[in-house]
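*Asks:* Using the sequences and the hints given, assemble the complete structure.
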Amino acid sequence: MDDFYRELIVEHYKNPAYKGTLDPNDFTYEDENPLCGDHIRVDLRVDEKQIITEAVFSGHGCAISQASADLLMESIIGKPLDEVKNMTKETVLELLGIQLGPVRLKCALLSLKVLKAGLYGIGNIEEELLEI
Amino acid sequence: MNLDINKIKTDFPILNREVRPGTRLVYLDSTATAQKPGIVIDSMKQYYETNNANIHRGIHQLAEEATAMYESARQKIAIFIHARSTKEIVFTRNATESINLVAQTWGRKFLQAGDLIILTEMEHHSNLVPWQMLAEEKNLELDFIPVTENGELDLDTYDLLLEKKPKLVAFTHMSNVLGTINPAKEMIEKAHNAGALVLVDGAQSVPHFSVDVTDLNADFYVFSAHKMVGPTGIGVLYGKEKLLAEMPPFLGGGDMIKKVLLRSFKPNDLPHKFEAGTPAIAEAIGFGKAIDYLSAIGMENIANHEKKITQYALQKLKDVENLKVFCPNVTERGGVISFELGFVHPHDVAQVLDHYGIAVRAGHHCAMPLHEKFGLPATSRASFYLYNDYEDVDLLVIGLQHVNEMFA
Ligand SMILES: Cc1ncc(COP(=O)(O)O)c(C=O)c1O
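Protein chains in written order, with the working numbering: chain A, 1 to 132; chain B, 1 to 408.
Hints were generated in silico from the structure; no laboratory data involved.
Model, not experiment: these values are computed from the prediction.
Where a beta carbon is used, it is the ideal one built from N, C-alpha and C, also for glycine.
Be a bit skeptical, because a hint or two may be false.
Claimed, not checked - Using 30 angstroms as the maximum straight-line C-alpha spacing, the simulated DSSO-like pairs for lysine-lysine come out as follows: (1) B/LYS324 / A/LYS19; (2) B/LYS308 / B/LYS167; (3) B/LYS324 / A/LYS14; (4) A/LYS14 / B/LYS316; (5) B/LYS87 / B/LYS308; (6) B/LYS308 / B/LYS7; (7) A/LYS14 / B/LYS307.
As the list claims (entries may be wrong) - Facing chain B, from chain A, some residues (calculated, C-beta under 8 angstroms): (8) CYS62; (9) PRO102; (10) ARG104; (11) LEU105; (12) CYS107.
*Replies:* Written as structure tokens, this is what we have:
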């Protein structure tokens with residue numbers, strides 16, 4: 001875990017490539033994990049074909065939540081909005097490339113929860129994300 | 001007397017394990033739950049292998065043995081906390097259930113709309129939520145003794161709150177976040193003078209120093225076995241006999257009755273009135289062994305040891321850059337230190353420390369209102385018990401320096 005964690009922190013927590021806000025934007029949404037105080041906001045821009053052209057996150061939290069948000073933003077740019085629908089817990093874990101215990105899993109999934117709740121409404125997201 | 005920590009460490013099988021190959025366990029999370037000595041574990045195994053039977057009803061040999069063992073554990077607990085009689089010792093699942101029992105029986109029967117309960121800002125959720133539930137049901141008022149910047153209860157405000165004639169004061173003897181040991185005896189006396197009863201949450205006190213419920217004059221006192229080197233699944237409600245006698249039963253079923261008709265029942269005598277159904281028999285026996293173990297070492301010796309380790313840790317932690325202890329100047333404190341490490345999130349602190357085999361807690365430690373008061377979503381917490389030594393503290397300090405390097 002050491003090397004992985006170190007890399008994750010250096011690459012994405014300390015120097016996130018997709019951190020910021022967009023004004024104007026086409027979609028924005030924010031939420032928090034009350035248990036650890038992590039807070040994440042996601043802003044998106046899409047083109048006329050509903051392809052995501054820009055995606056950034058802002059907020060604060062632990063290395064896992066921040067790094068997974070950065071990786072998630074990177075992965076959705078250039079994709080049709082519709083494709084976000086198919087993204088799951090597994091997508092995020094694949095991006096991170098590690099297994100996580102239940103507590104850290106919540107940190108990792110916060111950005112996906114924010115993204116999906118923003119796009120489809122909090123009532124329309126999967127059970128496993130709602131529990132965060 | 002100094003504790004022989006090397007000997008004590010060998011009493012606890014888990015402390016000999018490696019968390020990962022080559023990394024020994026440094027367990028600094030006893031406030032959440034304590035580790036168990038071999039004799040506690042063995043006593044439960046032995047019971048299942050030689051005495052297992054249901055208690056109180058059976059007439060056969062095993063049932064008599066099991067009943068005697070279960071009741072002997074109750075006797076040990078009564079002696080350990082200086083209760084006047086075993087009638088005052090009710091077995092529950094844990095401290096949380098004990099508090100709920102009092103809220104749902106005494107509270108429901110004796111409190112009325114508009115009555116006031118005084119709590120404090122440093123309570124564990126288990127001494128907040130049961131009262132919030134009762135307050136909502138019965139339209140009660142709740143008020144709170146504030147916590148000062150220094151991490152202690154503001155006793156001047158307590159005096160003012162008592163003028164409002166509360167019916168109950170409920171507070172923790174020792175904070176599981178700040179380590180603050182509250183002046184329970186003085187607070188109880190003041191509450192009684194104001195006409196209130198007192199419930200003390202002893203989840204963090206009974207494991208760590210000598211408690212005399214009779215001298216304190218507490219009306220209710222609650223604690224859990226698992227935090228005092230005993231098993232999970234069993235805890236205690238101490239209540240003054242006169243109060244317990246006036247309270248209606250909590251759960252209904254077997255064992256808590258003397259006589260049952262189709263439409264009515266007659267409750268059993270104390271303390272069985274509050275113990276419905278088959279209890280945690282093996283756990284009670286393990287709990288009794290835990291008390292034997294702690295008593296043999298001596299609660300004074302344990303308290304002194306923890307004091308020394310905590311002072312040493314507070315001193316050593318000053319060497320860690322960016323580290324800020326949450327209320328470092330509490331005058332009377334037990335072996336609990338919560339802290340922040342610069343901007344590093346407590347989850348990351350705990351995860352990196354875990355890599356070095358060091359177990360600490362990260363989060364709000366079931367005390368969200370206290371964290372909110374100080375503007376902190378979460379902290380990291382190291383806590384000490386009789387099996388921790390100076391080397392454990394040194395390893396923590398080295399681990400924290402690694403965290404700093406990683407996040408620098
Ligand atoms: C001060 C305090 N009160 C109550 C509890 C609840 O104990 P249990 O979960 O065993 O009921 C704890 C446990 O963390 C505690 O520290």
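*Asks:* It remains to establish, for every hint, whether it holds in the given structure.
*Replies:* For each hint, the structure was consulted:
no.	hint	verdict
1	B/LYS324 / A/LYS19	holds (28 angstroms)
2	B/LYS308 / B/LYS167	violated (39 angstroms)
3	B/LYS324 / A/LYS14	holds (22 angstroms)
4	A/LYS14 / B/LYS316	holds (28 angstroms)
5	B/LYS87 / B/LYS308	violated (37 angstroms)
6	B/LYS308 / B/LYS7	holds (18 angstroms)
7	A/LYS14 / B/LYS307	violated (39 angstroms)
8	CYS62	holds (4 angstroms)
9	PRO102	violated (13 angstroms)
10	ARG104	holds (7 angstroms)
11	LEU105	violated (12 angstroms)
12	CYS107	holds (6 angstroms)
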